[in-house]
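So the protein sequences, as listed, match chains X and C. Position 259 (the first sequence) corresponds to 259 in our numbering; numbering is contiguous. Take the position in the second sequence, starting the count at 1, then add 1000; the result is the number in our numbering.
Worth flagging that the hints you see were computed from the coordinates, not collected in a lab. We put the CB at the ideal spot given by N, CA and C, even for glycine. Some hints could be false.
Said to hold, decoys possible - Only part of the chain C face toward chain X is listed, based on derived beta-carbon distances under 10 Å: (1) Ser1007; (2) Arg1009; (3) Met1034; (4) Thr1052; (5) Ile1059; (6) Val1062; (7) Leu1094; (8) Gly1116; (9) Ala1123; (10) Leu1126; (11) Val1128; (12) Ser1135; (13) Glu1149.
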Amino acid sequence: MKTPDSERDADLHAAVDGQIDQAEQTRIDAWLADNPEDAATVHAYRLQNARLHDRYDDVLNETLPPHLLGVIESPSVYARRGWTGRLTGIRRLAASLAFLIAGGAGGWMLHGQMVPSASPVATAAATGFADKAIGAHKVFVAEVRHPVEVPASDEPHLVAWLSKRLGTTLRAPDMNDVGFSLVGGRLLADLNLPVAQFMYQDDNGRRLTLYVRSTDETGRGDAIVPQDAAELTSSKVKTAFHFVKHGGVSAFYWIDNAFSYALVAPLDRPGLLAIAIKVYTELDN
Amino acid sequence: MVTVVPSLRRYARALLGGRGDADDLVHDTLVRAMDRIHLYRPGSDIRAWLFTILHNQHIDAVRRSARRPDYVAIGDEEATAPAAQEGRLAVRDLDQALALLPNEQRQVVLLVGLEGLAYTEVAAVLDVPLGTVMSRLNRGRQRLRSLMEQGPAKSIRRIK
């Protein structure tokens, strides 16, 4: 039993939360341009979302209390807070499988604010993608003599070769502005799909990798925009940014249409986010 | 599952108004989840699954402690109206404004606005129809807006 009012309200919320497609967005934008009161409402609600993130997102960066991790990882700790059940062997196996499926320890994803999108779900597949990118990062940044297959001195060849293998027009984003210069790149395999890995290095010898793979069907469906990148993605509701950190390296990863990207470096979240935004913007142009 | 824990903690913290027992709620959620892990369908959305469990644990906790005064105050505007300063509301006032929302509106406002769940996911987590989600979202946001915009004026009126 929808009234016109409730339909209009639903539209306004959908615009606030980015839970609409491009055609609806265009239609609502046109409506808002002529209806300042509704536009003010949308603005106020977006501000609410931003304030909620501003107030509570710090929780995401807190070290997880050991007793919470213990519940998942160790059945003995798990029983401690007065829990009376028992883990059967099968359940224990299922528990460890779920743990593996859901991805490595300590990872996390950011959620977004001004324009969060339709399906804010970090799928196991997407987390697996980040894990692969982090794994490849760790393997190859440790290489002293052969960190890349094709060095930056041969960049046109590197880019042409990887573009051909991935079936798209790739680019090695310019990161000199943020202190990283291209070392080179290599071809890898993930899920039987070709992967391009570009490696960069800064003056302190810190290495950063960009991992690019075509998006398989199971990896789709994430659409989370970090608050800091809200303005960046306001025109592209469908793009997802996730953050994970483990083993001393951080990764931002996102899916942009047919390709999935992961940016991995031994940096903290804000530092890596600034670079991720730059890379995303450059690749999007 | 570990990757979802920070999100569960954030939601619990906001839901319980920044109180210290948020981690207790998350703990109980994880214990419950591990107890029922055999019911989790691999490949389905573990995040939505865990939020559903957290929601149910919270409802149970609210029921259990319905006699406790700190829960009774929620939604009671006169009892906990914020003493807002002039100008923009401070962080603490956001907590207070949230605390003034009825629980079911606060849940929806936070699941959508903070956790970024799709409306249909919220409906599944709370086990209510989509239309109910939308009307709670609308009322919750309207109320939050008026609390945040008119909070100071209200205080002044009361003083007179």
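These are the hints, each one checked on the structure:
With a cut of 10 Å, the hint placing serine 1007/C at the interface with chain X holds, because the nearest CB-to-CB distance is about 7 Å. Interface restraint check for arginine 1009/C: the shortest CB-CB distance to chain X comes to about 5 Å, inside 10 Å, so the restraint holds. Taking 10 Å as the C-beta contact cut-off toward chain X, the hint placing methionine 1034/C at the interface holds, the least distance being around 6 Å. The beta carbon of threonine 1052/C is not positioned within 10 Å of any beta carbon in chain X (closest approach about 13 Å), and the interface hint is therefore violated.
Restraint check, isoleucine 1059/C versus chain X: the minimum CB separation of about 19 Å is more than 10 Å; hint violated. This hint is violated: valine 1062/C has a C-beta 19 Å from the nearest C-beta of chain X, more than the 10 Å allowed. Because the beta carbon of leucine 1094/C sits about 5 Å from the nearest beta carbon in chain X, less than 10 Å, this interface hint is met. Taking 10 Å as the C-beta contact cut-off toward chain X, the hint placing glycine 1116/C at the interface holds, the least distance being around 4 Å.
Interface hint status for alanine 1123/C: violated, as the beta-carbon distance to the closest one in chain X is roughly 12 Å, over 10 Å. Checking leucine 1126/C against chain X by beta carbon gives a least distance of about 16 Å; that is not within 10 Å, so the hint is violated. Because the smallest distance between the Cβ of valine 1128/C and any Cβ of chain X comes to about 15 Å, over 10 Å, the interface hint for this residue is violated. Checking serine 1135/C against chain X by beta carbon gives a least distance of about 7 Å; that is within 10 Å, so the hint holds.
Interface hint status for glutamate 1149/C: upheld, as the beta-carbon distance to the closest one in chain X is roughly 8 Å, under 10 Å.
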